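Novice: Residue numbers (this note's numbering), protein chains in the order written: chain A, 1 to 307; chain B, 1 to 259.
Honestly, the hints are just simulated from the structure, not real lab data.
All values reported here derive from a predicted model rather than from experimental measurement.
Check the hints yourself; a few may be wrong.
Unchecked claim - Ranges of calculated distance between the beta carbons of each label pair, as one might list FRET restraints:
1. A:ALA72 / B:SER12: 24 to 34 Å
2. B:VAL256 / A:ILE270: 37 to 47 Å
3. B:TRP20 / A:ARG177: 37 to 47 Å
4. B:ARG169 / A:SER124: 36 to 46 Å
Think of the CB as a built atom: it goes at the ideal place given N, C-alpha and C, for glycine as much as any other residue.
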Amino acid sequence: MTSFVVARELSRWYGQVVGLTDLSVTLEAGMVGLLGPNGAGKSTLLRLVSGEIRPSRGRIEVLGREPFANRAHLQELGFCPQQDALYGDLSGREFVTLLLRLHGFPRAEARSRAGAALERVDLSEAADRPTRGYSRGMRQRVRLAQAIAHSPRLLVADEPLAGLDPLARRRIGDLLRELARDGTFVLVSSHVLHEVEELTRDVLLLHRGRLLAQGSVPEIRALLDQHPRRIEIRAREPRRLARELLDLPGTRSVQFAPDGEGLSVETTDIEAFHSTLPAAVSSARAGVRSLRSLDSGLDAVFDYLVK
Amino acid sequence: MAFLRATALIFSVHLRRVCWSRRVLGCLGLSAIAPLVALLVALATDRVPAGPIAVHLGWLLLLQIVVPLVALLAGSAVIAEEVEDRTITFLFTRPIPRQAVLLGRWLATLVVVLGLIAVSVALLVEAAEISEAPGPRVARDVSRPLLQSALLGGAVYSALFAVAGVFFRHPMIAGIAYAFAIEGFLANLPGGTQTLAVQYHLRCWIADTGGPLWRAVEGFSLTRFESGEHALLTLGLVLASTLALGCWRIARREFVLSA
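Same shape as in the complex, but just chain B (with noise of 0.2 Å):
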């Protein structure tokens, strides 16, 4: 069967049950968080104006915390819950490409996180809105690059732990340990160490493309951003190697199953 027919089958397939599934449940929850704080803080104080609440809790919590765990829970399940659930051979004993399991469920998988995370970021500028404090409000250069660093950070984040499903038993575990031991750290870390983060690139767009209210996030000025074109081709490279290596993984590895 053609790869890209076996893909769209599997991709069809696993959207329309992962839509149902408790996963996505769990990632309805977690994208409820960031609106539900902005809401929180903007009936809470009349001294914080919508801007600010948008772009702080946006760069610390949405884009650090919530993203890579979305991603995390719904991505961590591409492979593994096919393993975990031992129905894995019934696609390896069909005469398809096996990247087109990785590639058909990861692109699901992808349509429910991306929309996820759409959903949160536009109900977080909503709740934050609802803040009558004078002082800017949530202009477009504040919600679009929120937005689109969200989604690239969605797509990266969900094929690495996809991936990840491919090499490791547990990849939540595994997961959990690069989102936010390595990731957390490295991304903080002063000098050209955070380069290896994903989270640079998605700030280094929104430092691109966003506008001055950004500037005021807490450690905003103590980090020497790349353009947003730079960081854009950089996340694309993560994105297409990451996969690449996933597609060269799946088509050798043994998925050794108990009965």
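So here's chain A without its partners, still in its complex pose (with noise of 0.2 Å):
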């Protein structure tokens, strides 16, 4: 499998302030994204990534190259920035069209490719308007179409899903998908851990810096194995299901819900849990409602991951 992105003890810092420290990590072919709170180092990884900065320490290479300002690494990039910034007084079209000039397009092909771009983010109608009167999602799709109108090799899009409403955020995450099954390597940030969750399964976690952990999501649940699961139970009965739930091997505890309908189990053996839970539903007549798991997603594998 290529490796677009081999990082090597990679640290970045600004004056006194970390940005990504110790960062040693190789990124394969397809979609992997890049997971973190704000200040978790991601856009600081992008950056670096996209060449606009270098490295306070360690070596990152990018398809084989060192990034920073390296044309031959930026002919084959394209980048979507996170910061909400245009040529307020060009229209997308006019934007888009300029960037793919500095590209190296002819004027016609230039305008081609961008009323492509613009068509493939949704983006046609408003194409000829300035886009100072933009909203704040219709400058997303413009800097998104700037960075896959010249069909790069790699896409580096700094939380491409913020500011969109659903529709759009749907019709951009296809669109993500789409270029990743069609051979483009692309690199996405976002701190909404559901939204990177829906684009790919290989998925970078990062906090304070630093990498917590790199992996498909299976494979970040089996490294917390360790960690303890919650699950949520509504019940008629919550006080004599919890005796009973004590009592099965790994309930570290059992919490009650406010309204008293319900109580949350931690468990350090789901499996255990899981196989058990049905006789002692049973023993207790407890008259179970619903169960569900409170940490399927990956909001709660970074909360375990930075506990």
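If you follow the hints, you should be able to join the two separate chains into one complex; please do so.
Specialist: Below is the structure:
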């Protein structure tokens, strides 16, 4: 499998502020999601990948090249930055066409590619209006259009779904998946974990500039077996059920819901919990109405990892 | 993409944008100062003839204050505006030499700066000519060296302030400090240190190519001027080395932008 980013002991700091520290990671074909809260180092990593900034220490190679101000690298890069900035006096079409012309496309081809890219992000109708009149979501889509218009080999998108309405979010999600399927290396970041979970299985978790975990969601789950899981149970008789649950192997705690009609159980042995739960419910005659895992999403994975 | 093609493309786009920018309105206002003052003087007194009005206001107001200020306002935006607006990312993630961004934008700014300065000089001369006081008029040996010197100053100062934007986060502050504290001090200090100021070389050009009317300007006789050719060569070297330094720096500098 082709590696598109290889980082070794990569660190970047801004004066006294640590942006990224000691990151060693290899990203391979397809789409990789970069996750973490604000200040985790996602944008720093993306700027290092896009060649906007240099590492303070360590090394990064993108598609086999050192990226900083490297024109061969920039030829293959599409970068959708996070900052909400555009040339407000230019229309969406003029903006994308200008950047395509800087990419070396002749005027006619640049215009036709710009039109196609704006159509892919659903912005054809507003393409000839100055971008200063665009909504936040429209501006985000123009930024994405300029990043994909030249058919880059690597697309780096910093929070590409931020500011989009649900329909546009779905459309852009489909577009990113389509690009990855067609062979574009895609690196996307988000601090909203379910966004990335919907886009890709391959994730990189960052926190305070450090790599917490890398892999698919199930792989990351496997790393977490030693961590307790939480299950919420809605029942008619939660107190009777709680007594039974406390006797199960692996149960660490039971907490009642404020409304008195449910409880959440924390267990360190999820397999044993699931296999013995039916017997416990039957024995307690608790009248279970529903049962759901409180940590099936990436939010819970992230919470565990940072604790 | 070839360097010249990228420079030309950035030049053409920036020229269109800069013409409609708010900074140009500011520059327009500054450029109007000298002609307005000349008009007021010409109308208010019947004792100062047109020639002395043009040389005094040209030397003391236009060259020393208006030209550096117009160049500062326009030149400091060449790179700093892209950084402040956080749009520089779009240019720096294109496969073009970064130097093309500096040169293309500076050239577009230069066209506007020189245009405004030329109009300012022309209006200053016209306004001075309104004076009906008996005495010397504004001859070509007054207007031509003033125009040449002002245009030279516009070019050199705008390059200096554009390159300041490559080095400093707030080039306007650095530029004001340079133009009025350092330059103003050096240019008016007797002795050899004057040669370190752009102003001095602009004055040398006027002293060499201008007519006798310029000798009436305060402080003129206290200064030893170099030849016009030497001044031109020095200003050319300052301009070229400033741009070369800016190109060298912009190719290496990181512009860290906040979201």
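Novice: Would you pick out the hints that fail for this structure and give their numbers low to high?
Specialist: none
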